[in-house]
Each structure stands twice: as structure tokens, then as C-alpha cells.
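Between the sequences and the hints, there should be enough to build the whole structure, so can you do that?
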Amino acid sequence: MSDESLSTLLSPHSYAGYGGMVADGLTPAQAFDAVAERAATPAFQAMIARFQASAVGRELLVDIRSWWDAEGLPVPWDNVLDMPQVRDASEG
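Yeah, the sequence shown ends on 102 if you go by our numbering, and it's all consecutive.
Read the hints as simulated data drawn from the structure, not as lab findings. For each residue, glycine too, the CB sits at the ideal point set by N, CA and C. Hints are not guaranteed to be accurate.
Claimed, not checked - Simulated restraints, written as ranges between beta carbons of each label pair:
id: 1; residue 1: T37; residue 2: S64; range: 33 to 43 angstroms
id: 2; residue 1: A53; residue 2: P84; range: 15 to 25 angstroms
id: 3; residue 1: A65; residue 2: T37; range: 29 to 39 angstroms
id: 4; residue 1: G35; residue 2: S64; range: 35 to 45 angstroms
id: 5; residue 1: Q40; residue 2: D88; range: 31 to 41 angstroms
id: 6; residue 1: A65; residue 2: A39; range: 26 to 36 angstroms
id: 7; residue 1: G35; residue 2: E69; range: 32 to 42 angstroms
id: 8; residue 1: A65; residue 2: D34; range: 31 to 41 angstroms
id: 9; residue 1: D88; residue 2: A65; range: 13 to 23 angstroms
id: 10; residue 1: D88; residue 2: L36; range: 17 to 27 angstroms
id: 11; residue 1: G30; residue 2: A80; range: 29 to 39 angstroms
Structure, rendered in C-alpha cells:
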């Protein structure tokens, strides 16, 4: 999966994820829970770990976090991953 398709999938606006579930009639809370449940899978956790291991991957995760922040929502996988959160270096 390319970085571009991964970022599209993980975006809160994505029709492959949260945005599509809301468009299909789930409540925002139900869609968020479904994304968080997907994030709890070992395959998803391995994907996040892979991206945390490279500078390009960390940049992508910072971008994804900013999209969720702009929606006023926490990043769905923060509560299910036993990994440090990725933050932009400018945040101190």
C-alpha cells in the first residue's frame, strides 16, 4: 500500500474509513468505534509501527493526526496502541 493510499484510508474524511461509514448511515460515534476496532488488530498495529520507524512514515502520521485534530476528534488508534504518540517536533 502506498503512503498516499494509506493516508487516504486513515483520514477522517476517507470514504474507505470513517467518512464512508458516516456517509453510509453510522453515527460519528459508531464510525469512530469501528475505526478504533480496526486499529486494535495486529496487522494495523504493525503498519503503524512500520511508519513510526522512518522519518517519512512519522511525517505521514503527523499529517494524519492533524486531520483528526482539525475534526475535533482524537486519533482512533491512540487508545488501543501501546506505542508513544507521534507528535510534530514543533510541538516541543
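So, going through the hints one by one against the coordinates:
| no. | hint | in the structure |
| --- | --- | --- |
| 1 | T37 - S64: 33 to 43 angstroms | 36 angstroms, holds |
| 2 | A53 - P84: 15 to 25 angstroms | 21 angstroms, holds |
| 3 | A65 - T37: 29 to 39 angstroms | 37 angstroms, holds |
| 4 | G35 - S64: 35 to 45 angstroms | 37 angstroms, holds |
| 5 | Q40 - D88: 31 to 41 angstroms | 18 angstroms, violated |
| 6 | A65 - A39: 26 to 36 angstroms | 34 angstroms, holds |
| 7 | G35 - E69: 32 to 42 angstroms | 34 angstroms, holds |
| 8 | A65 - D34: 31 to 41 angstroms | 36 angstroms, holds |
| 9 | D88 - A65: 13 to 23 angstroms | 21 angstroms, holds |
| 10 | D88 - L36: 17 to 27 angstroms | 20 angstroms, holds |
| 11 | G30 - A80: 29 to 39 angstroms | 18 angstroms, violated |
Checked against the numbered hints given earlier, this structure breaks hints 5 and 11; the rest are met.
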